[in-house]
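These are the residues of each chain, in order.
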Amino acid sequence: MNVLVILWKEIVDNLRDRQTVFYALLFGPVLLPLIIGGGLGASLKQATVSFDQPAALAVKHADRAPNLMQFLHSNNFDIETAPEDAEDSVRRGDVVLILEVPEDFSTALRNGQPAPLIIYVNDGDKHSAKEARKVNSVLNAYSQTINALRMQHRGIDPSVFNSINVRLEDVSSDGFRGQILASILPFLLIVAMVMGGFYLAIDTTAGERERLSLEPLLSLPIARYKLVLGKYMAVLFFVGISSILTAISLYLVFRFLSPEAASGILSFDAPTITTAWLLSSPLIFFISAVLMTVAATTRSTKEAQTYLGLLMVFPMAPFFILQFVNIKSANLTMTLPMLSQYQLLERVVLKDSISTTHIALSVAGTLLSTALLYFLAVRLYSREKVL
Amino acid sequence: MIVANDLSKTFVGVPGQPKRRVVAVESVSFNAQDGRITGLLGPNGAGKSTTLRMLATLVHPDSGQAIIDGYSITENVLAVRQQLGFMPHNAGIYPRLTTRENISYYARLCGLNKKTTANRVDELVNLLDMEKFADRRSDGFSQGQKTKVALARALVHQPQTILLDEPTNGLDVMATRGLRKIIRQLAEAGHCIVFSSHIMQEVAALCDEIAIIADGKISMTGTLDSLLTHTGQSSLEDAFVSAIGGEL
Chain F
44 MNVLVILWKE IVDNLRDRQT VFYALLFGPV LLPLIIGGGL GASLKQATVS FDQPAALAVK
104 HADRAPNLMQ FLHSNNFDIE TAPEDAEDSV RRGDVVLILE VPEDFSTALR NGQPAPLIIY
164 VNDGDKHSAK EARKVNSVLN AYSQTINALR MQHRGIDPSV FNSINVRLED VSSDGFRGQI
224 LASILPFLLI VAMVMGGFYL AIDTTAGERE RLSLEPLLSL PIARYKLVLG KYMAVLFFVG
284 ISSILTAISL YLVFRFLSPE AASGILSFDA PTITTAWLLS SPLIFFISAV LMTVAATTRS
344 TKEAQTYLGL LMVFPMAPFF ILQFVNIKSA NLTMTLPMLS QYQLLERVVL KDSISTTHIA
404 LSVAGTLLST ALLYFLAVRL YSREKVL
Chain X
34 MIVANDLSKT FVGVPGQPKR RVVAVESVSF NAQDGRITGL LGPNGAGKST TLRMLATLVH
94 PDSGQAIIDG YSITENVLAV RQQLGFMPHN AGIYPRLTTR ENISYYARLC GLNKKTTANR
154 VDELVNLLDM EKFADRRSDG FSQGQKTKVA LARALVHQPQ TILLDEPTNG LDVMATRGLR
214 KIIRQLAEAG HCIVFSSHIM QEVAALCDEI AIIADGKISM TGTLDSLLTH TGQSSLEDAF
274 VSAIGGEL
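As you go down the protein sequences, you meet chains F and X in turn.
Just so it is clear: in the first sequence, position 236 is 279 by my numbering, and no numbers are missing.
Just so it is clear: in the second sequence, position 229 is 262 by my numbering, and no numbers are missing.
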């Protein structure tokens with residue numbers, strides 16, 4: 044009963060604090076996913092070349108190469124007439140890219156000479172560069188088809204010129220780029236959890252001491268462990284809300300800002316995000332306990348902000364470590380809070396299989412650490428020095 | 034009722050000197066009766082707050098014992114707290130909560146149900162004349178208003194024994210007079226009140242019993258008259274100086 048009274052008071056009290064509300068409900072859950080997730084998603088979309096979607100292609104003198112135009116059309120390009128001042132209009136950005144067929148194209152082709160083609164591209168513009176890569180690869184395919192025809196015409200097997208046939212097989216579920224994007228999910232979830240409880244943890248512990256409201260509170264007929272539990276649950280509430288909101292906004296960001304990232308190589312659909320949130324949920328308890336216990340050791344809000352600020356490095360550490368060091372998902376690392384969730388969530392996003400033993404170890408390790416931290420917090424509150 | 038016997042407390046470590054030992058309170062004994070106002074009079078740093086904190090079970094005495102309304106401060110901690118209304122020397126109220134919310138929070142924590150809490154808060158708002166700021170957030174309250182809220186909070190569970198640590202600090206004349214009136218009313222209602230202060234007039238005007246404390250030790254106890262008779266002085270100030278062994 045007392046615990047609920049404390050929980051309710053802390054929630055009401057802190058909802059009236061703009062800083063707490065901003066960081067718990069807006070910064071972590073909405074702004075960060077939009078800025079980081081949306082930014083990464085958008086850049087991935089730019090870098091990924093899609094051959095399936097029909098695209099417009101401005102061509103100057105299309106009539107000089109009817110067969111090429113047909114080939115381009117069958118490769119999902121809608122041919123449009125390019126403006127006369129090809130170079131300037133690409134530079135100005137009026138047209139993304141222009142393909143020009145020079146006058147001697149068909150003659151050179153007929154004579155078995157290299158036939159010239161000009162692509163006007165603005166390499167400083169990512170969209171233009173991406174279109175150029177796409178057009179280039181289609182033109183290469185066309186060139187190879189003609190090469191083959193020419194050789195067959197002269198009685199040579201075209202494969203004679205292919206002395207090496209390299210085949211690249213990526214055994215990971217996705218490449219490096221996917222790896223970074225996959226670790227964004229645990230990163231944002233964990234940062235949002237920390238931000239969600241940050242100010243509340245400081246306010247209910249160091250803040251209470253600084254306002255000198257702790258002394259009368261401790262003289263009330265309540266056991267210390269109940270007092271700590273009430274405060275802990277309040278932090279837990281904000282951390283939990285923050286992580287749920289973050290999961291929802293990540294889903295929306297990847298769904299609406301970059302449908303390609305959501306549907307293509309990585310999985311950011313509703314079941315994935317839900318699974319990821321469930322796997323990361325033991326961290327809600329752990330992070331709340333860390334925030335509260337650390338803040339409880341400090342004497343002022345300023346001191347608490349310093350320590351917790353330094354602590355912010357921890358949720359980021361696995362993100363960077365896992366980028367450079369390949370840590371195998373061993374049983375031992377799976378007992379470590381944060382690191383295990385990072386690894387599990389990456390596998391979820393990359394659609395890799397996850398062993399139940401690893402999930403069990405991750406949950407058990409995290410909750411055990413939480414219990415230890417909670418007992419430490421109760422001990423801290425039972426000391427006389429807490430005043 | 035409070036019976037304090039030989040209470041001692043030594044703190045280890047002061048800022049900058051982690052190993053220094055500071056004797057805050059040494060063998061403090063005094064009694065405080067129900068229906069009477071007992072004043073703990075002493076200069077700053079005499080050990081008044083530490084004594085009250087020990088009685089409020091916030092600090093564990095190194096030695097000695099105190100019994101409050103039949104409960105030991107070292108063994109029946111929660112029972113003692115249930116009997117006690119403690120107001121530390123800073124109000125320590127929550128700035129983002131209203132007067133009513135501040136008081137209700139403590140009422141609920143002391144186990145009062147919702148209905149009783151609402152009635153009790155109304156009663157206290159009336160008693161302490163807080164209607165004007167009852168529903169305002171306490172951020173920006175005057176010192177007097179803060180003290181009233183803190184006092185209401187300490188009284189909310191109708192404790193038999195009330196400890197007030199320098200309650201008139203920062204109050205103007207009218208607020209001080211108002212507070213004195215309330216404290217007298219509480220004593221008349223049968224509560225045991227311990228009141229600490231370093232202001233002579235205050236203690237002389239209010240207290241039935243006075244315990245003079247200096248350097249962590251009680252140097253004299255008694256009514257105002259008996260202190261004056263005992264020291265042969267005509268004012269409490271002179272009696273105080275004489276009691277703590279100072280030069281007149």
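Treat the hints loosely; a few may be bogus.
As the list claims (entries may be wrong) - For lysine-lysine, the following DSS-like pairs were computed, each having C-alpha atoms within a straight-line distance of at most 27 Å: (1) K52(X) <-> K345(F); (2) K269(F) <-> K169(F); (3) K148(X) <-> K269(F); (4) K147(X) <-> K269(F).
Note that these hints are calculated values from the structure, not bench results.
Being a predicted model, the structure only gives us computed values, none of them experimental.
Hint by hint, here is what the structure shows:
Simply put, K52(X) and K345(F) have alpha-carbon atoms about 26 Å apart, close enough for the 27 Å limit, and the pair holds. This hinted pair does not check out: K269(F) and K169(F) have alpha carbons roughly 58 Å apart, beyond 27 Å. At roughly 23 Å between alpha-carbon atoms, K148(X) and K269(F) fall within 27 Å of each other, so this suggested pair holds. For the proposed pair K147(X) and K269(F), the alpha carbon gap of about 20 Å is at most 27 Å, so the pair holds.
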